[in-house]
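One-letter residues, chain by chain:
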Amino acid sequence: MKITYPHMGNLYIAIRALLLKLGLDPVLPPPTSRKTALLGVRHAPEFACFPLKLNLGNFLEAREMGADTVLMGGGIGPCRFGYYAEVQREILADLGVSMEMVVLEPPSGDWATFKTRTRSLVGDCSWWQVLKAIRFAWYKARAVDALESKLLYLRPRLCEPLQLEAIYREALRRVDMAENRRGLDLAVSDFLKDTRGLPGKSGDLLRVGLVGEIFTVLDPYANYDIERHLGLLGVEVTRSIFLSEWINEHLFGGLLHVGGLDHLKEAASPYLNAFVGGHGRETVGATVHFARQGYDGVVQVAPFTCMPEIVAHSVLPAVTRDHGIPTLSFYLDEQSGVAGIVTRLEAFVDLLEARRKKRLKEGV
Amino acid sequence: MIKVGIPRSLLYYSYFPLWRAFFTEMGAEVVVSPETNKAILDAGLRSALDETCLPVKLFFGHVLALTGSVDYLLVPRLISVEPKAYICPKFMGLPDMLRARIPNLPPLIDVAVDFSRGTGNWENVLSSMGRLLAGDRRLIRQACRSAQAAQSLFQEQLEKGWLLPEALNGASGERGTERPAPPSPGSGRLNIALLGHDYNIYDEYISMNLIKRLRSMGARVATADLVSQAVIDEQAGTLPKKLFWTLGKKMIGAAFAFCDSGQFDGIIYVSSFGCGPESLVGELLARWVKRRRGIPFMLLTIDEHSGAAGLVTRLEAFTDMLLRREKG
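Protein chains in written order, with the numbering used here: chain A, 418 to 781; chain B, 7 to 334.
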């Protein structure tokens, strides 16, 4: 069995660790590229959301590398992600591509199915080994998160952000290669050490919160490198959600009590008082949260036609009215162009700067 | 008399008889927004977010048409009307979206309708709504009973072959009066199954009179409302994974039932631009219908820019193709 899985930012690092520890033979699709997108778009439904199209492209590219099985996430709605695997399976079947789909879903009450499905995947591994593999993958996800959040913090502060990115890529490679926790810890601490001495800029930074649908938040291809563009414009970006939080919530069914997203759900009230699928409520909550923390603005990203984020976006004007925080929303798909995105980001940053200056002058 | 406004939009088409009977029995006056027209659509387009789908934009328009003339507005938070399935995220956030975007809204009756966990029923929902109007308990119980009677009469009529708007008009008649026989489905050589969410295919303005046009082209039109819930559940139960959208389940269950009946020459599927669930359901249906029966299938996507000429051209091409196929 040669097993592949879709890309979502640096998720591949955690999943590869998991599969290797389970004694499986993972096939990592090439990094998502224009070619991936075109492949996906050609075969996926026109109005399906962008991640479905990119996933499909990933599978087809992995197929060329010999993959015969796909590991995919699932869900029980109402967000479309829960039905991705079903649609992708039918598309692959009609294309005459024989790939088996293994769908990991949160164990929602039905433990027996969950157990047999997992068993079919892990073969002869003992449950103890499975547990150990999951734990190691989890630590990898945490290490990735540590690197990414430091990168977001440092990028606008350093004179040579490109040098920082080179160091980051090397650290990421070491995290990917690490075979035990010691290796992981070393990779992270070396990253912190290597970046400490780099010459920095002075001055007050603008701070922007990044909220929205998880795939477009985490995947630089899907969001056209929005974090990087903001960072190079001298803006510190803070994400509302990180990889490990998504893994805990979506794949473990929130089993780990590691500070979930509950506080964001509460903060969403009174603007959005119900679960609306995906991370719609968290998007609103995080916007309120960033406003309370004194951030200068919030950028929302979502795939074109994403239902939960459209609901969230619909109520954001009320948050802006009450909390005085500017927001900018991007709906992304294969039609988006990087020049348009950068232009809008530059205009937004200009606005935030002008606002800050005005406030300072008025002594607020 | 308290005036309760009901927007003629979205799940009005599924639950109006229930809601109408309930509030009338409670002693309120039920005010329904006018049939969709350009002014309503334009008002909706101005106040709703661009990214939302046509039906939600239209809902905003219908709400605006009622604002100012009613004491309460009925906008239930429709999360789920059956176990383990949802309607759509946008329905779930509807009251919040209205509050954030429309100033001076009348108080909303936004009781949550959530039967997803297998608990909860319309009686509880209606009772909560009744308590908002401060009715006494006996009155509420009585209103619940009439409401459910009205709704089951409506369901019965649909399964007997009434077209939904005809049954809805029937629902406004007095109970006990003699009911006319089910109207004929139209005479013609072609049998066409018209699938699509009720609020799209039965709104004459946004569907551009689709049903009448098909009939005038010599087609007999059947919709998913003809298929009973039991058959829909059974047919949709054959899917490899349970579909978690109620409306999508209805479309797929009905399409399979129509395919199996062998009586249909073609299927027309109406979807609104940007509809999330339909983007996947429509795709799966097209693939499955092709594999199961090879019945011709046409997907019509409508939005606020749709023009009748384009629609007519496609309908003509489709029916011509069906007729030629019949001859061959």
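By construction, these hints were calculated from the structure, which means they are not laboratory data. Treat the hints loosely; a few may be bogus.
[Claimed, not checked] Straight-line C-alpha distance at most 30 angstroms; calculated BS3-like pairs for lysine-lysine:
id: 1; chain 1: B; residue 1: K90; chain 2: A; residue 2: K682
id: 2; chain 1: B; residue 1: K218; chain 2: B; residue 2: K333
id: 3; chain 1: A; residue 1: K682; chain 2: B; residue 2: K248
id: 4; chain 1: B; residue 1: K247; chain 2: A; residue 2: K532
id: 5; chain 1: A; residue 1: K682; chain 2: A; residue 2: K610
id: 6; chain 1: A; residue 1: K438; chain 2: A; residue 2: K532
id: 7; chain 1: A; residue 1: K419; chain 2: A; residue 2: K532
id: 8; chain 1: B; residue 1: K296; chain 2: A; residue 2: K452
id: 9; chain 1: A; residue 1: K438; chain 2: A; residue 2: K618
id: 10; chain 1: B; residue 1: K296; chain 2: B; residue 2: K218
id: 11; chain 1: B; residue 1: K248; chain 2: B; residue 2: K218
id: 12; chain 1: B; residue 1: K247; chain 2: B; residue 2: K90
id: 13; chain 1: A; residue 1: K532; chain 2: B; residue 2: K90
id: 14; chain 1: A; residue 1: K419; chain 2: B; residue 2: K248
id: 15; chain 1: B; residue 1: K44; chain 2: B; residue 2: K218
id: 16; chain 1: A; residue 1: K419; chain 2: B; residue 2: K247
id: 17; chain 1: A; residue 1: K532; chain 2: A; residue 2: K567
id: 18; chain 1: B; residue 1: K90; chain 2: B; residue 2: K9
id: 19; chain 1: B; residue 1: K248; chain 2: A; residue 2: K532
id: 20; chain 1: A; residue 1: K567; chain 2: A; residue 2: K549
[As the list claims (entries may be wrong)] Calculated from the model, a selection of chain B residues having no Cβ within reach of chain A, i.e. all distances over 10 angstroms:
id: 21; residue: A91
id: 22; residue: K96
id: 23; residue: R107
id: 24; residue: N130
id: 25; residue: G194
id: 26; residue: C281
id: 27; residue: T307
id: 28; residue: L317
Please read all numbers here as calculations on a predicted model, not as lab measurements. Ideal placement from N, C-alpha and C gives every residue a C-beta, glycine not left out.
How the hints compare with the structure:
Of the supplied pair hints, the one linking K90 of chain B and K682 of chain A holds, its CA atoms being roughly 22 angstroms apart against a limit of 30 angstroms. The suggested pairing of K218 of chain B with K333 of chain B holds, with an alpha-carbon distance near 25 angstroms, which does not exceed 30 angstroms. Proposed proximity of K682 of chain A and K248 of chain B is supported: the alpha carbons are some 28 angstroms apart, at most 30 angstroms. A threshold of 30 angstroms between alpha carbons decides the hint, and for K247 of chain B with K532 of chain A the separation of about 17 angstroms falls inside it, so the pair holds.
For the hint linking K682 of chain A to K610 of chain A, the alpha-carbon distance of about 36 angstroms lies beyond 30 angstroms, and the restraint is violated. Restraint check: the Cα-Cα separation between K438 of chain A and K532 of chain A comes to about 18 angstroms, which is no more than 30 angstroms; the hinted pair holds. The hinted pair formed by K419 of chain A and K532 of chain A meets the criterion: a straight-line CA distance of about 21 angstroms does not exceed 30 angstroms. Annotation: proposed proximity of K296 of chain B to K452 of chain A holds, straight-line Cα distance about 29 angstroms (limit 30 angstroms).
For a cut-off of 30 angstroms, the pair hint linking K438 of chain A to K618 of chain A is broken: about 43 angstroms separates their Cα positions. For the suggested pair K296 of chain B and K218 of chain B, the alpha carbons sit about 27 angstroms apart, so the restraint of at most 30 angstroms is met. Our distance criterion of 30 angstroms between C-alpha atoms is broken by K248 of chain B and K218 of chain B, whose separation comes to about 34 angstroms. With a C-alpha separation of about 12 angstroms, the suggested pairing of K247 of chain B with K90 of chain B holds against the 30 angstroms cut-off.
Of the supplied pair hints, the one linking K532 of chain A and K90 of chain B holds, its CA atoms being roughly 21 angstroms apart against a limit of 30 angstroms. Distance hint between K419 of chain A and K248 of chain B is fulfilled; the C-alpha atoms sit about 28 angstroms from each other, no more than 30 angstroms. Restraint check: the Cα-Cα separation between K44 of chain B and K218 of chain B comes to about 20 angstroms, which is no more than 30 angstroms; the hinted pair holds. Distance hint between K419 of chain A and K247 of chain B is fulfilled; the C-alpha atoms sit about 24 angstroms from each other, no more than 30 angstroms.
Taking the CA atoms of K532 of chain A and K567 of chain A, the gap is about 38 angstroms. The hint is violated against a cut of 30 angstroms. For the given pair, K90 of chain B sits about 34 angstroms from K9 of chain B by alpha-carbon distance, which is inconsistent with the 30 angstroms threshold. The straight-line distance between the Cα atoms of K248 of chain B and K532 of chain A is roughly 19 angstroms, inside the 30 angstroms bound, and the hint therefore holds. Using a Cα cut-off of 30 angstroms, the hinted pair K567 of chain A and K549 of chain A holds, with the two alpha carbons roughly 27 angstroms apart.
For A91 of chain B, the non-interface assignment is contradicted: its Cβ lies about 7 angstroms from the closest Cβ of chain A, within the 10 angstroms cut-off. Not every CB of chain A is more than 10 angstroms from the CB of K96 of chain B (nearest about 6 angstroms), against its label as outside the interface. For R107 of chain B, the requirement that its beta carbon stay farther than 10 angstroms from each beta carbon of chain A is not met, with the minimum near 6 angstroms. Non-interface status of N130 of chain B relative to chain A is upheld: no Cβ of that chain comes within 10 angstroms, the nearest being about 17 angstroms off.
Every Cβ of chain A is farther than 10 angstroms from the Cβ of G194 of chain B; the closest lies at roughly 31 angstroms, confirming the non-interface assignment. The beta carbon of C281 of chain B is not kept farther than 10 angstroms from every beta carbon of chain A, the shortest such distance being approximately 7 angstroms. Separation of T307 of chain B from chain A is inadequate, the least Cβ-Cβ distance of about 8 angstroms not exceeding the 10 angstroms criterion. At the 10 angstroms boundary, the C-beta of L317 of chain B stays outside the reach of chain A, the nearest C-beta of that chain being 18 angstroms off.
In this structure, the hints that do not hold are numbers 5, 9, 11, 17, 18, 21, 22, 23, 26, 27, in rising order.
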